[in-house]
Every structure is written in C-alpha cells, then in structure tokens.
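Residue numbers (the numbering used here), protein chains in the order written: chain D, 719 to 1086; chain S, 719 to 1086; chain R, 719 to 1086; chain Z, 719 to 1086.
By construction, these hints were calculated from the structure, which means they are not laboratory data. Please note that the accuracy of each hint is not assured.
Claimed, not checked - Listed next, the in silico SDA-like pairs over lysine to any residue satisfying Cα-Cα at most 25 Å (straight line):
(1) R:Lys-862 <-> Z:Ser-849
(2) R:Lys-903 <-> R:His-742
(3) S:Lys-1074 <-> D:Leu-1048
(4) D:Lys-862 <-> Z:Ser-849
(5) R:Lys-827 <-> R:Met-867
(6) D:Lys-846 <-> Z:Thr-1054
(7) S:Lys-754 <-> Z:Leu-1012
(8) S:Lys-862 <-> R:Phe-850
(9) D:Lys-754 <-> S:Tyr-726
(10) D:Lys-753 <-> R:Ser-930
(11) D:Lys-754 <-> R:Ala-763
(12) D:Lys-1049 <-> S:Pro-1000
(13) S:Lys-880 <-> S:Pro-933
(14) Z:Lys-810 <-> D:Asn-990
(15) R:Lys-846 <-> D:His-730
(16) D:Lys-1049 <-> S:Asp-840
(17) S:Lys-1049 <-> D:Lys-1049
(18) Z:Lys-880 <-> R:Gly-1030
(19) Z:Lys-880 <-> R:Lys-804
(20) R:Lys-903 <-> R:Thr-998
(21) D:Lys-846 <-> D:Asn-990
(22) D:Lys-862 <-> R:Tyr-1016
(23) R:Lys-752 <-> D:Ser-757
(24) R:Lys-993 <-> R:Tyr-1016
(25) Z:Lys-752 <-> S:Lys-846
(26) R:Lys-753 <-> D:Ile-748
(27) S:Lys-1009 <-> S:Glu-1020
(28) D:Lys-862 <-> D:Asn-990
(29) Z:Lys-826 <-> Z:His-800
(30) S:Lys-995 <-> D:Asn-1060
(31) D:Lys-993 <-> D:Tyr-1076
(32) R:Lys-1049 <-> Z:His-742
(33) D:Lys-1052 <-> S:Lys-993
(34) S:Lys-993 <-> S:Pro-1003
(35) R:Lys-1019 <-> R:His-921
(36) S:Lys-846 <-> D:Tyr-726
(37) D:Lys-761 <-> D:Val-871
(38) S:Lys-1052 <-> D:Ile-996
4 protein chains.
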Amino acid sequence: MGLSSLVYPGAHHTRFEHALGGMHLMQEAIRVLKKKEVSISDKEAESMQLAILLHDIGHGPFSHTTEATLAGIISHEEISLHIMNKLNEELKGALDVAIAIFTNQYHKKFMHQLIVGQIDLDRMDYLKRDSFYSGATEGNINSKRIIEMMAVVDDQLAFEEKCIYSIEKFLMARRLMYWQVYLHKTSISAEFLLVKILQRVRHCFENGISPSLSPALGFFMSQKIGKSDFSGEALENFLSLDDSDIIQGLKTWQYHDDFILSKMSKMLIERNLLKIKIQTYPFDPSEVDLKIELLKNYSFKESDYQNFVFTGSISNQTYVPLDKEILILLKNGKLTRLQEANPFFSSNELSQIQVKYYLCYPRNTNLS
Amino acid sequence: MGLSSLVYPGAHHTRFEHALGGMHLMQEAIRVLKKKEVSISDKEAESMQLAILLHDIGHGPFSHTTEATLAGIISHEEISLHIMNKLNEELKGALDVAIAIFTNQYHKKFMHQLIVGQIDLDRMDYLKRDSFYSGATEGNINSKRIIEMMAVVDDQLAFEEKCIYSIEKFLMARRLMYWQVYLHKTSISAEFLLVKILQRVRHCFENGISPSLSPALGFFMSQKIGKSDFSGEALENFLSLDDSDIIQGLKTWQYHDDFILSKMSKMLIERNLLKIKIQTYPFDPSEVDLKIELLKNYSFKESDYQNFVFTGSISNQTYVPLDKEILILLKNGKLTRLQEANPFFSSNELSQIQVKYYLCYPRNTNLS
Amino acid sequence: MGLSSLVYPGAHHTRFEHALGGMHLMQEAIRVLKKKEVSISDKEAESMQLAILLHDIGHGPFSHTTEATLAGIISHEEISLHIMNKLNEELKGALDVAIAIFTNQYHKKFMHQLIVGQIDLDRMDYLKRDSFYSGATEGNINSKRIIEMMAVVDDQLAFEEKCIYSIEKFLMARRLMYWQVYLHKTSISAEFLLVKILQRVRHCFENGISPSLSPALGFFMSQKIGKSDFSGEALENFLSLDDSDIIQGLKTWQYHDDFILSKMSKMLIERNLLKIKIQTYPFDPSEVDLKIELLKNYSFKESDYQNFVFTGSISNQTYVPLDKEILILLKNGKLTRLQEANPFFSSNELSQIQVKYYLCYPRNTNLS
Amino acid sequence: MGLSSLVYPGAHHTRFEHALGGMHLMQEAIRVLKKKEVSISDKEAESMQLAILLHDIGHGPFSHTTEATLAGIISHEEISLHIMNKLNEELKGALDVAIAIFTNQYHKKFMHQLIVGQIDLDRMDYLKRDSFYSGATEGNINSKRIIEMMAVVDDQLAFEEKCIYSIEKFLMARRLMYWQVYLHKTSISAEFLLVKILQRVRHCFENGISPSLSPALGFFMSQKIGKSDFSGEALENFLSLDDSDIIQGLKTWQYHDDFILSKMSKMLIERNLLKIKIQTYPFDPSEVDLKIELLKNYSFKESDYQNFVFTGSISNQTYVPLDKEILILLKNGKLTRLQEANPFFSSNELSQIQVKYYLCYPRNTNLS
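The task is simple: from the sequences and hints, build the whole structure.
This is the structure:
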C-alpha cells in the first residue's frame, strides 16, 4: 500500500501476503467451479494457482510508488512476466500453462479472467486485505459469496444473477477504497515526495554527483533501462531490491550536500510532508504561482521550484462498461451484461472516469 | 426481522437488543457532539437516550409483518407514542422532553434528526445488527466513523465533508439490505402467508367461528380497533402480545376445522411456503389467471383463491433528495446538501423509487 | 442457553443453529481426516453428519432447564434416540448407521468420539457459538486448528502433538464458559424459578387444579411419563413443544388463583428474580433459616417456603482424566494421554470436580 | 515480534502501533478509574499516557532479538529511560511525572502497575495485537472487561472479584502465546541465526575485517558500549537504527569473503534455517557431538562449529505468586491475592518456571 501506513498505522501488510491470499481465493474458486462441473485438469488447477501467486512478483519497493521512477517505461506486469519466464527456464517449462493463462493466451479465457478482470481474485484479495489492515471497514467485501456465485459459460467467467447486489457492493467498495484510502491526500503527498526524491537522486547522478545507496538501487538510479535491456543484470538487481534499500537511502541522503535532496529526504523521514489541496477542477495557474512566490525567499534555483510546488490529477472509474465486461448468468440460463441486469449500473455517473486535481506546496515549517 | 430467520438461521436478534443498541449509539453521539461544543444539558442527554430507547416500543409480534393486521390503521410510531404517554403519566412528566424530541416538537431539531432521518442512529443500529446476525456482511456500515463526523449547525444535524464516502456506503448498504435481506423472496413469501393467516382468523371471527387463541390476540382478531379506541384495554392487550401468541395460535390452528386456516397454518409451521416470482414490471393478468386455474382442482370457494394466488409490489428508494435532507458541513464552514457534495447522488437512478412486483402461488405439494 | 438471554441480551441463538453448526464442523472433520487417508465411505460420511445433526433433537423448551421437570427420568439423549428411531422407521433404515454411531455401537469408534467426547464437535460448536452470541469472548476457541490436528489411530480419535496448547485453551475456555456464562448467578436464579414454576403447575394438577396451558404442555404436567411410556402419544406431544408453550403458560399463570404460581410467574416475566448467593462451601442451616424467617410475614403455608428459599450445589470439572481420554499423537507416531503430553493437566486442581453452593431467597420487593 | 513473520506471514505489525495501542488502553483505564472516583489529575493522566507511549521506545531492530548483541548489558528499559530523559531535557521537564511513574518513584503506585505488572496495559495490548496479527486466536483476551473491572485501593491496582475468570484467561492466553507463538521453534531458530550473524560481524571487526554496513550499525558492531557510555553519540546512533539497517547488512554480507558470515546471511535471507529440536530435559552431550560430527566434512575451523550446532534453554512462567502480586477486590471490600480468590492459581504447576531445551543443527542442504 505504498506509504499508506503513514495515515493508517496498521497497514503494514506485504505483497507476499497478498500473493498467498490470491492463491487461497483461487483454490476456493477452483473448488466451486469444479462442483459446478466446469472441467479443470490438475495441471490447469496448479497453473491457475501459480499464475495468481506470481502475478504481482514484478512490483518494486513501495509498490506502485516507485514503479515509473525505477524501471521507467517497463510496467510491473512486464517485469512479472520476465521473472516468470526466468523461473520457467529454470523449472524446464513447468510454468508454460501458468504463463499462457497470465498472458491471456490460454483457450479457457475464464482462467485469465479470474486473475485480471473487473471482478477478479486479485482485486478481491487486496480490497479485503487493505480494508482489514487499514480499518476502513467500508471497503470490506463478501468474497466468499461472490466466489460461490461464479460460473463458466462458453469458457467465459460469469456470475449468477442472485449476486448482483454483492457485485454492486464490490464495485462501490473499490470506488470507496480509491477515494478514501489509496488516494488519501496524506498518502499521496508522501508518495509524490518519494517520487521527487528518487528523481532528484537520478538528477544528481546525471550531474556527476553520486549519493550513497545500495548497489542494486544504484544500478537503476545511475542509468535508464530500456525495455530490451530488462534481462540478466537488470533483472538480478531488480530482484534484490526491497523497501530497505529506499529507507537506508533516505536515512543517508538526509545528510547529503545537495540541499534539495537532503531537505526532501528529511521531510519524508520526519513525516513533515507537503500540504496538499484536492478539488474537482484544475487549479488556476495564478494559485500555483502564488505558492511558487513563497519559494523565492529561499535559495532555490527556479528550476528546483517544481520539487516543492506542483499540480496534477488523479482519477478513478467505478465501472467500465465496455472493457472486460462483467457477465451475469440469468436464472433462465442466458448471459447478459451487468448494466442490463442491474439498472443501477446503466447510470452515467458510475461509468465516467472521475478526475480530481491536486496542488502540493510547502507548509511554513517544511523549508525552514 | 419478521420471519427472516427462515432464510438466515442466525437472525434471531430482538427488538429489545435494537433498543439497547440505539441507546448506546446515542451515548456515543452525545459524547462526540459535546466534544465539539454543542450544548446538550444533562436532562436533554437523558431524554435523547429515552427517546431512542422507546422509539420502537410500539412494534407488535414479528415486527412489521403483523402491523397492519393487528392494529389496523394505527402505525407502530403512534403506538410507541401512546406507550410513552402512559409511562410519562406514571412517571409524572419525566418523559416530557423525550416525547417532545420524539414528536419533533423540541426546538433543537438535531435531537429528533438523530432518531428519525435518512442517516439516523436507529438505522445505523439496525443495519449493523441485521447485517451481523444475518451474515450479509455487505450491509455492514462504519457507524463509529459516521458518528465521529457528526456536527450541529443552527440546531440541524450535519456531517463533516470528509465522511461523504462513508455516507455513500451507508446509503448503498441500506439499499442492499432491502433488496437482499429485508425483501428476500422467501422471507416475504412467509410474511405474506402470516398476514393471510391473521386475516383468515379475523374472517373466521366475522363469520361466527372463533379459532382458539390467547386472550390478547383474541382482542385484536375479534374486533377492529379505531384510532380513538387505542387506549386503556387495547393498549393493555397490545402490551401483553409477543411472538409466542402467534406461534401458539399457529400450532393450534393447524388442526382447526376451517380448511383454509388449517392448511395455511400447517404450511407456515412446516416451512412449506408459497412459491414467489419477482420481476421489475407488473404481472400480466393472464399469468395470474393461469395460476388460479390450478386451484380449481381443489374444493376452495372462488373467494378463497386469493389466499394462495396473489400479486402486489414492493419498493425501496436509496436516497430521498428533498425530504429529510442530509446536510454536509464543508471544510469552509458552509452547509450543502449531499447531492451537491457528492455528484454520485445527483444521479436520477438513486433517488428514484425502485419498484418490484411479486406473484405468489402454490407449489404442487402445498395443497395436497 | 436456557434463560441466559436475561443476562446476555444477544444470546438468542437456537438449538437448530447449533445442529447446523455441528454438521458443518463434521464436514470439516471428514475433509481433514480423508486428506490424512482415514477411510470413510460416503455412507459413513452421510451418517456422521446425520448423527450430529440429530444428536440434540431430544431437547425440550429452554434446553436443559426444563429437562428434568418435563420428561422426568428420561434424558434428552434418550429422547433424541427415540426420535431418531422413529425417523429411521419412516425412512426405512436410512439412519441405521447414524444411530449405531450415535449409540457407540459402530466399530469405527472415532465417529462416535467426534460427537461425544471431551473434545468433540458438539462442544466445539456450542463453545464458539455461545461465546460469540453472549459476547464472553474469553470462551472463543480455535476449532479450525483443532480439527486440522485431528488424526485417527486404531479407529480412535487422536490429536497431533503440536496442538496441545490449543487443547489446553479449549478445556480452559469450557471451564470459563461454565463458571462465567452457563452458571452465571442471574441465569441460574431465573432457571431455578422456571423449574419451581413448572413443579408448581404439576403440584396444582395433583391437587385437582388445572392451570390453563397448551395441550402438549398439559400432557406432561398432568401426569408422570415413565421410560417405557415414551413412545407414540408422549413423543408426539413432546415434539410439538417449544419455548412458546412455556411463555404463553407464564403469561396466563400470572393471573391464576394459586398465589404461589401467580407470584412466581409474575416474578419471572418481570425479571424480578430471587437473590442468589454463591460460595465454595455449603450454607450453614442457620443462614437458610434466617431467610425463611422473612417469609413468615406472608400468608404462605410452611410447605410452600421452599419455593422462595432453597439451597443446592452446582459443579464443573475442567478435565476428566480417566473417562473418554484425550489421546495425543506424538511426532514419533506413538499415542499418549493428554496429561502425559502436557504436564499442566497432571495437576490435581484441573481434574477435580469443582463444586459451588448457592442460596436463593427473595428480595424485599419480590413478595410485596 | 522479532522474526515471527517467517512463520506467521501476517505478523508485520510494528512497535509504534503497540505504543499507540497501549496509550489507547491507558485512556480507557483512566476513564474507568475516574468513574470509580479514583483521583487522577489532568497532569497525571497526561503523564500516564506519555509513560506508556514511551515505555518501549528503547527497543532496537527486530525487537528482543538484537537486544543483547547490539547494546550489550544495557536493557531496552534502560535505553527507554535514556531517551525519555533526553526528551525531558528538550521539553524542559514536561516528562518529570511520566518518568517518575515509569521508574516507580511516583507515590500513586497503581500508575506504574498499569504499565509494568503481571496484568498491565502493555501486556494487554501486545497479547491482543500479536494474537490478532498472527492468527493464533487462542491468545485473544478480553481487555475491555478486565479494564472495566480495575479498581484502586490504597494506591494499589486491584481487580474486582467478578473478573477472576477473565484474569485466569489472560494468564493462560499469555502462557499459550509464549509456547505457541513467541517461542515457536521456527521463529527462534531464525532469531538464533540472526544473533549468531551479528556476533560474527562483531567477530570480524575484532579480527580487523570490516563487513559493509550502515554507519549506525557499524557504531555498535565495531566496539562494545558500556553502560556509562550510553549517551550522546551512542544514543544518537541507536535512535537512527531500524530493521532496514539489518536487512541491508544481510543482503551485502551474503557476498562477504568470510565464509561463515556469508553462509549464515544467505541462510537467513533464503529462509533456509537450522533445524531445531525442542524437549523438556537437557540434551545429552553425545547427541550434540553427533551433530557436530557432521560439520567435520566441511572446511570450518573447530571454533566455528558453535555457529551451526548449539543448545540452550527457553522458559516461561504462567503466574508469579510473590512478585508483583495480582490483587483481587472482594465483594465485601477486602483485598486478597489472586491465588486465594481462585484456587486454580494455588496449583504449583502454574507458578513453576517451565523450561524447555533446544538443539539447533544444520539440515543437509544448509551447508552445501
């Protein structure tokens, strides 16, 4: 959950737990579907579990926060696939089916849909887990019941009609978790700060300064890794990274000569974050300028202002009507789309991408 | 919860527990509001607790199910008020303020709004309690947080802006509990049957037949009580009624000479309920006729058909924009209405009354 | 839970739920044992579930409270067996194996031990359920883990060594539930009162007075049923009894001419119970006499004093070393007894029957 | 919880959360005691909260595991006191009363007893928290009820008689958590390994080799800090340590030239732990020798054998009758000791220190 534990002190759960949880839900789903006479061979069952166990293995330290900064244009899904391929080589093809499922090349589409969809086991586990550990009980969902209601028609995943309210609840819970927890203003302020710090470290390297850091982190900070380079050495280094590389870096950088780097590192360690304002429409440039004005009292270069005053947008979409459809199996045996089974989801509001805008700026004490 | 325990075996909680729970939430709300410097005197605090403790005391056996049949046009709120007035006499005016709050005649409107509103402590307790005991975890709500976010502005109850997603969750949870639990097709089929049975008992009395029953139940079955009569004897009898009067009645009526009465009583006791079909548009009369056709094999009089085949509607409204507004206290200190603070609630879908239609009819085994 | 809901308002759960819960745990146990390659045929699995589903079906209204008064020397286990036999007849022998398991005549002893033992599924379900609904969280147990640790050696139920602390916890939780919940002083005061009331009703019948009651309850109050008579009519009447027969009786008896009966019924309905004092040694007769002295102001006959002042004992044993041994399967594959695997249970204290003595007597207001 | 998360993947909660939890329980205790008219001034209430908030602040990385290795003979309580004194200086005496309470020099003894006793708020929080996050539900306790039952007599903390079974449960839960969770064989095997690794790092420094590590960790590994030195620089370095210093160290040491250090670091990182055998009596030296024999195939010096084969003891005492007595307030207003109020605790078994012996040795794969 990135830096959410700065807001929700109990949210210290790890991606490893999430992987185990996803695998557990997959076992439940396989049990339910087999009871409904969906054909799943032992090899397929094993592969479905492996695919969800490994689906997130390409995440870097602090989850999504460092994704873009560390590995550039390579997404965590692509890195997961790199790692699976490597394991598959070592295991002499044991992951062939798991990889086909993960990359949606397996002919039984529902196996992929259980892992990547609008209502999949990945989301079920993380919503339940994040709601539990953060204490935001509003995000809890009834995964047990939704899984019991799963069905497979023509190799597509579908849900029995009588769980449409549980699905409604699921989509609403996800919406709530985004706005209330994942995009909590204090968390994102901390996460933006961490991103700015890593960008500054990279900037230092580009200018011939080498802040002290672990070899693995140094590998990614001192050069840009292209898609085609993400093998051998890069992968090896990526795999050895964890949160402690960043934390040790931050602790050292507090005392670095680069004022911007040391200031921002200290701010994050002391939880002395930038203020953040959120609204539903873009910020007027004059409001941004007003905040920049304040920086002029300090000895920053103008090009460094953007480390302390910046604006941007965050967004979320409750229900996506066209992509990865949620199929409902009616009592009469026919399939329909969620928005037709539950008029609630034909509402425009829910399928619109909801955008919010933020403005970050220093509080008086940050820069003193 | 009426006869919901036929569907959710754990749902045996009582109205007494709900009254205690409501009082507990009121204590929390008073603590929160006082900390925010809302003026509440000791007498007012006591009266707020008494008002919620007694607000549902006028409910009859099996809750809403028997309401119309037992006491006719007198609502349970009116009966609650009768009982409060009687207690107030005995207690020499100790309930004066509590009654003023309950009837919305007290000048501090928020005290009434805490008990009767779109987001009130009554609903908070029953949603949480019914969700807990039924196991429909989707209906759980974060009452603790919503109460923490309460405020009072100009004697009106309001909610701090940052809980708009908890409120969204609350309204969605209520919607879900209605469609999934309170209006569960099997529960309502059972509840309709109980209503038909009590109507039949009354019909027997009107025709000079007196099925065996407790004196208190007999009082209400053998005569119609008008609004003006609901004092002295009627109230005394009403107060002595509980579920066991109905259960004992049903057990006896199983063996009564009136075939309709005995058949229906046996059906309910043996959980051999009428089938029920639910849809979003009214039933075509020809479909109803088809079901009635089946009854012709039995020796019922035509006037009795309506005991076994009948249709009607149920409805629910997620959010009522105009009545009993939900007020949001913005960070800038201004008040606004929920639908303006959270665009989600400006959607037409949510404020429309959603209506469903049902058709009840016997399964083959019911009438054999 | 008898009348425990007078103390723990949430404790309204029913024996039906307990039966379903026991069956659910049996399904878990069967799943675990089969995975450990214990041979259990489909017929046996079905019969194990049936045996636990029906094991408590012979309980009367308010559970253990009315057992001795209603059915005299016939235990609820014997009645359960009567009912199973009757069902078995109707079902043409379908319960043969279930009955053999229930009566411990089946050669695979562990199947009986899962239902009747010191650590059985019956106790697991009721401890967990009663702890949950009463809110006495101290009585919660980890049934999931204990079941996972079950093993079968030579057709005997055993538990893997690594769960000895879960077993310790189980036995301690049971001990706690007895002293804190099941034998709570207010509950047992209420239960004694109910027993006294039923005895008084019987006394009335013996003296030619017939208090109004339901036919089924009348059947048991107006005559003594011997072991050999407990078939046909007696069983039929027993099966139609439930709590509502007692509640309706109490409500009527409040106004009965027999002063003792009406007084006691009113006391129970108004929760105006006898005071109760509990100590670890017998009460001195002089202390009892002192309480009886108070009754002399009232117009009771001396023979009626025992309705309002009486003494007796309650007891519980945490661990019974010799009977129904708890067997532990050591890592080296050998079996041993619990008290040898966990020295804690070799302590005398735990295997002693702990006895407490009570004295019930009226408070001033009871008899006014 | 040291390295327990290797066994219980959910046990990632932190000491910070524990400090907040302790403070929350203190607020509850203050509320309860004030309602019982125990005099507690605002300053005292604030100081009680500060004392528990800071009581554990002297813990190093991975909790108790590294305590002896890092700071030698200085206990974490002494370090907590050093830190409090330092804060007190900065805050100009604001912690005077908190420190007096923490060091038991305050005249109202109960304030200290709430933090350090056999049943204190510290233990309540960690038992509940560790049980919750590990999933060992057997360790859950009813802190709410025990706090409600607190009383103060002659400035001593006491517990009302009617909670003796909750106290029994508390002591038994603590016993269970020790044997089942805190002293889980896999956790302690991992923790012994970590201790051996840190000792090896120190050994390297003593032999002129300097494994790469963070400056703060280096400070403690490269010299022995005496009690009198634990100020200024030592404290500063101690405060900047966290788990990430150790984790980064381990990751680097995997590739160190010292074979023992690199081998052990790799073992811990790959969760390839030493085997561990636990029994209730000391290991026969011949059994230890047999395991050492296996090491002779490897190129270890004899003096290094003790890194891979070693034996020792762990212990726990359920109830300590003489020290820090648990006082019970009887209904008659007198005080007595727990073992007199509940005969269960007069048992010798419970007050004996229970000792177990362990033997660690490599599995075949560890050293390959």
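* Decide if the proposed pair is consistent with the structure: D:Lys-1049 and S:Asp-840, CA atoms, cutoff 25 Å inclusive. => Roughly 36 Å separates the two Cα atoms, so the pair is violated.
* Mind checking the alpha carbons of D:Lys-754 and S:Tyr-726 for me, to see if they're no more than 25 Å apart? => 24 Å, holds
* **Restraint check for S:Lys-846 with D:Tyr-726, where alpha carbons must lie at most 25 Å apart** => 23 Å, holds
* **Pairwise hint evaluation, R:Gly-1030 against Z:Lys-880, where the allowed Cα distance is 25 Å at most** => Holds, at roughly 21 Å.
* Asked: Would the pair R:Lys-993 and R:Tyr-1016 pass a check requiring their Cα atoms to be no farther apart than 25 Å?
  -> 18 Å, holds
* To do: Take the C-alpha atoms of Z:Lys-752 and S:Lys-846, compute the straight-line distance between them, and say whether it is at most 25 Å.
  => 31 Å, violated
* Asked: Can the restraint linking R:Lys-753 and D:Ile-748 be considered satisfied, given a maximum Cα separation of 25 Å?
  -> Measuring from Cα to Cα gives roughly 17 Å; hence the hint holds.
* **Given hint D:Leu-1048 paired with S:Lys-1074 - CA-CA distance at most 25 Å** => 17 Å, holds
* Asked: Would the pair R:Lys-862 and Z:Ser-849 pass a check requiring their Cα atoms to be no farther apart than 25 Å?
  -> 15 Å, holds
* Asked: Does R:Phe-850 lie within 25 Å of S:Lys-862 when you go C-alpha to C-alpha?
  -> Holds, at about 21 Å.
* Would you mind confirming whether the straight-line C-alpha gap from R:Lys-903 to R:His-742 stays at or under 25 Å? => 32 Å, violated
* **S:Lys-1009 paired with S:Glu-1020 [C-alpha distance capped at 25 Å]** => Holds - the C-alpha atoms of S:Glu-1020 and S:Lys-1009 are around 13 Å apart, at most 25 Å.
Of the hints listed earlier, those the structure fails to meet are numbers 2, 6, 7, 10, 13, 15, 16, 17, 19, 21, 22, 25, 28, 32, in rising order.
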